[in-house]
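Throw the hints in and build the complete structure from the sequences for me.
Take a look at the letters that make up each chain.
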Amino acid sequence: MQYNPGWNNSSVNLLHVRAVGPSDTLHYIWSSIGAPAVLLVATESRTSSLGINWTQLLSSAPAGYSEAQTLEELFYPTYDLSDFSWDSVNHTLNHTALMAEFTGTPAADPSGSFSNGSLAFRVTAYEASGRDRPLPSLLHTANSSKVEFVLAGVAPRGNSSQFVLEVATVEETGVVQKLRSARSIDDEYTPTIFEVSHWGGRPSMSGFLQWKATAYGSQTPRREDNIQCRSRGLQAANWTLPVSSVVRAYFGEGVGSTYTVSAINISFGGEDGKVYQEKRYLSWSALLGFGQPPKDTFSPLVISIMAVALGTPMGMLLVGSCLVLLAQRKRYSEYEPIN
Amino acid sequence: VAAMAEEERALLGPAGGDDDGGGGSLGSPRALPAVCDPRRLPHRLLVLTLMCFLGFGSCFCYDNPAALQTQVQRDMKVNTAQFMALYAWYSWPNVVLCFFGGFLIDRVFGIRLGTVIFSIFVCVGQVIFALGALLNTFWLMDMGRFIFGIGGESLAVAQNTYAVSWFKGKELNLVFGLQLSMARIGSTVNMNIMGWIYSRVRDLLGYTGPSTLGLTLMIGGLTCLFSLACALILAYLDKRAEKLLCKEQGKTGEVIKLTDVKDFSLSLWLIFVICVCYYAAVFPFIGLGKVFFIEKFKFSSQEASAINSIVYIISVPMSPVFGLLVDKLGKNIIWVLCAVVTTLASHVMLAFTFWNPWIAMCLLGVAYSLLACALWPMVAFVVPEHQLGTAYGFMQSIQNLGLAIIAIAAGMILDTRGYLFLEVFFSACVC
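Protein chains in written order, with the numbering used here: chain A, 9 to 347; chain B, 242 to 672.
There could be a bad hint or two in this list.
Said to hold, decoys possible - Computed cross-link-like contacts, PhoX-like style, restricted to lysine-lysine with a CA-CA straight-line distance of at most 25 Å:
id, chain 1, residue 1, chain 2, residue 2
1, A, Lys303, A, Lys186
2, B, Lys484, B, Lys409
3, B, Lys539, B, Lys318
4, A, Lys303, B, Lys539
5, B, Lys480, B, Lys409
6, B, Lys539, A, Lys186
7, A, Lys287, B, Lys318
8, B, Lys409, B, Lys569
None of these hints come from the bench; they were simulated from the model.
As C-alpha cells, then:
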C-alpha cells in the first residue's frame with residue numbers, strides 16, 4: 009500500500025495497492041484526482057510495478073477496469089463528485105488494517121447541505137481471505153478490496169428524497185457487462201438480506217463489483233439499521249463522465265469510443281425511506297475484485313445442526329422400523345411350528 | 242397464546258367441567274319475550290355472541306406486535322430480541338397463573354366478577370402498552386404486556402367457564418369451536434388491519450414516530466374496551482338468569498394439586514416436550530414472520546400480513562374437521578407424528594427453497610390444526626382423571642415458559658445469524 013508513490017505533495021490523492029499472486033499481480037489505483045475512481049489492472053508478472061509520471065500510467069496491461077462515481081438525489085441537480093474538494097488521504101492511512109479514507113465536500117455548496125457533513129469512500133485492502141466483522145460481513149479474498157461509500161451528516165434537500173449513487177465502469181470493448189441480482193437462501197452473515205448483486209464483465213477474466221442489497225444507517229451497523237438499496241438499469245453510458253484524471257490518463261481520450269462505458273444507479277431507501285433522515289448516516293459496502301466473485305456457503309455450524317437435528321430422528325426411525333420388522337419376523341417364526 | 246388456552250379447553254372442555262355448574266331449575270312460569278328468556282334460543286344466541294366477542298379483544302391485541310414488527314422496531318429503536326421480549330413478558334405471568342386461573346374464578350372472584358376483572362386487566366395492559374409507545378419508553382411497553390398477560394390467559398379460562406355454565410350438554414362442543422374460531426378471527430383481523438391503521442395514523446399526523454405507534458395501539462385497544470363491555474353485559478345477563486332460573490354461578494371445577502407433578506409418567510413428560518418444542522417453532526415464527534416474507538420473498542407489507550395470518554385462518558375450519566377425524570380414527574401418536582413431519586417439511590421448504598411460501602404456510606396451518614387436535618387429548622390417555630387438571634395446568638405453564646424463552650432466543654438469533662439459521666433452529670426444535 010503506497011500513497012502518492014514518487015510524489016511529495018499531499019494536495020492530490022493517489023493510493024496504490026498491490027496484490028502479488030504466484031504468477032500475476034493486481035494493482036488497485038485509487039484516486040480522487042477529478043472524480044473519485046479506481047483503476048484495477050491485472051498483470052501477468054510478479055514483478056510488475058507502477059510507474060507514474062502522472063500522465064502515462066502503466067506498461068503491460070491485459071485488462072483494465074475502472075469506476076467513476078457521481079452522487080445525486082432524485083429530482084434534484086446531481087452532485088458531481090469531480091467538483092468536490094478532497095481531503096488528503098495521508099492522515100487516514102492505516103498500514104496495519106490496510107485502510108484509507110477519501111473524504112470530500114463540494115467545492116461550492118450553495119444549499120448548505122454539506123455544512124455539517126461529508127461524503128467519503130473508505131477503501132480496505134486485504135492480506136488474506138476472510139470475512140468482515142461488521143455488517144454486511146462480505147466474504148473477501150486477498151485479491152479483492154472493499155470500497156465503502158459513507159454519507160455522514162449530509163442534509164437531504166427534500167422531505168422524502170433518496171440518495172442515488174451512480175457508478176460507471178470503463179472497459180475495453182468486447183467485454184460484455186452484466187448486472188446480476190441473485191437471491192440466495194442464505195442470510196446468515198447479513199441477517200434478513202437475501203439479495204446479492206454482482207456486476208462484472210464476461211468473459212470472467214475481468215473486474216467485478218459485488219454487494220449485498222443493503223446499506224446501514226449507523227456507524228456500528230445492526231440489523232435494524234438496514235436501509236433498502238436497489239440497483240437499477242445497467243446502461244451503456246454514452247454521456248460524458250465526470251472527468252477522472254486516472255481514467256483519462258490510463259485510457260486516453262478514447263473513453264466512450266474504443267472503450268465501453270457502462271453505468272448503474274444504486275438508490276438508497278425504500279418505501280418508507282425515513283431511516284436516513286433520522287440517522288443522517290449511510291454506509292454501503294461493495295467488494296471490488298478481479299475474476300470470479302467469492303460465493304457464500306453454509307457455515308459449518310448450520311450444517312452440523314442440520315445433520316444432528318435431522319439425522320438423529322431419521323436414524324431413530326430407521327432403527328425403530330428395523331426393530332419392528334424383526335419383531336414381526338420373530339412372531340411369524342414362532343407361529344410356524346403350529347402350522 | 243390466549244387462543245391455546247381455549248384450544249385446550251375447547252378440545253377437552255366437557256371432561257374438565259361437566260360435573261359442576263349446577264343444573265338450572267325449570268320452574269319459571271312467567272312468560273317472557275324470546276330474547277329475554279334465558280331458556281329460549283334467541284337469548285342464548287345473544288349470550289353466545291357476547292361470549293365470542295369477550296375473547297376477541299385479547300386475541301386481537303395479543304398479536305399486535307407481530308402485525309407491526311417493523312414499525313415497532315423502527316419507532317422504538319429496539320433490536321429483535323427486545324422486540325420478542327414483548328411476547329415473553331406476556332408469557333411470564335402465565336407460567337404461574339395457569340395453576341391459579343381456575344382457582345381464582347371458583348373461589349375468589351366468581352365467574353362474573355372474575356371475567357370483568359380479567360377484562361379490565363387486559364384493557365389496562367393494552368393502554369399501558371400504547372402509553373409506553375406514546376411516551377417512547379420501552380420498559381413501560383414491557384410492563385403493559387405483562388399486565389395484559391395476567392388478564393389474557395385467565396380471561397380465556399373464564400370464557401370457557403361461561404360456555405360450560407350456559408351450554409352444557411349437546412351444544413357445548415360447537416360453542417367451544419365457535420369461541421376458538423372467533424379467537425382466530427381476532428388474530429387474523431389484527432394481522433391484516435393494524436398495518437393499515439398505522440399508515441392512516443401516519444398520514445393524519447404527517448410523520449412516523451413513537452406517537453404514531455402509540456396512537457395506533459390505542460385504537461387497537463378499543464377492541465379490548467369492546468370486550469370489556471361484553472364482559473359487563475354478560476355479567477348482568479348471567480346474574481339475571483341466575484335469579485330467574487335459580488341456577489348456580491358457573492365454575493371451572495379445576496382441581497390442581499402441585500404434588501401430583503412427581504407422579505407424572507415419562508410419556509406425559511414427553512408430551513410436554515413435544516408441546517413446548519412444537520409451539521415454540523410455530524408461534525415465535527409467526528411473530529417474526531412478516532419481515533421474513535418481505536425480505537426473502539419480496540412480498541408487500543399487505544401480502545406478508547396475509548400470509549402470516551394464513552395459519553390462523555386455516556385452523557378455523559380445520560380444527561373441527563380434524564377433531565372429528567382424530568376422534569373417529571384414534572391413533573393419536575400417528576397423527577402427532579404426521580403433524581410434526583409436515584411442520585418440519587414446511588420449515589425446511591421456507592428455509593431452503595424459493596418455492597411459493599403460500600404452500601409452506603398452508604401446510605404449516607394444516608399441521609398445526611392437526612397437532613392441536615391430536616396432542617391435547619393424548620394427555621387424557623396417560624393421566625388418571627383426578628390429575629387431569631394439574632396435568633393441563635402444568636402443560637400450559639411449561640408451554641408459556643418455553644415460549645417466553647424461545648421467543649427471546651429467536652429474536653437474538655435473528656439479529657446475529659439471520660433467518661436461515663432461525664429456520665434451521667426451528668427445524669431442530671420440531672425434530
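Here's how the hints hold up against the structure:
Between Lys303 (chain A) and Lys186 (chain A) the alpha-carbon distance is near 17 Å, which keeps this suggested pair within the 25 Å criterion. Restraint check: the Cα-Cα separation between Lys484 (chain B) and Lys409 (chain B) comes to about 19 Å, which is no more than 25 Å; the hinted pair holds. A C-alpha spacing of about 24 Å is found between Lys539 (chain B) and Lys318 (chain B), which places the hinted pair at or below 25 Å, so the restraint holds. Between Lys303 (chain A) and Lys539 (chain B) the alpha-carbon distance is near 22 Å, which keeps this suggested pair within the 25 Å criterion.
Proposed proximity of Lys480 (chain B) and Lys409 (chain B) is supported: the alpha carbons are some 17 Å apart, at most 25 Å. Distance restraint check for Lys539 (chain B) and Lys186 (chain A): the Cα-Cα separation of roughly 22 Å lies within the 25 Å cut-off, and the hinted pair is therefore satisfied. Annotation: proposed proximity of Lys287 (chain A) to Lys318 (chain B) holds, straight-line Cα distance about 11 Å (limit 25 Å). Only pairs whose Cα atoms come within 25 Å are accepted, and Lys409 (chain B) paired with Lys569 (chain B) is accepted, the gap being roughly 22 Å.
Of the numbered hints listed earlier, not one is contradicted by the structure.
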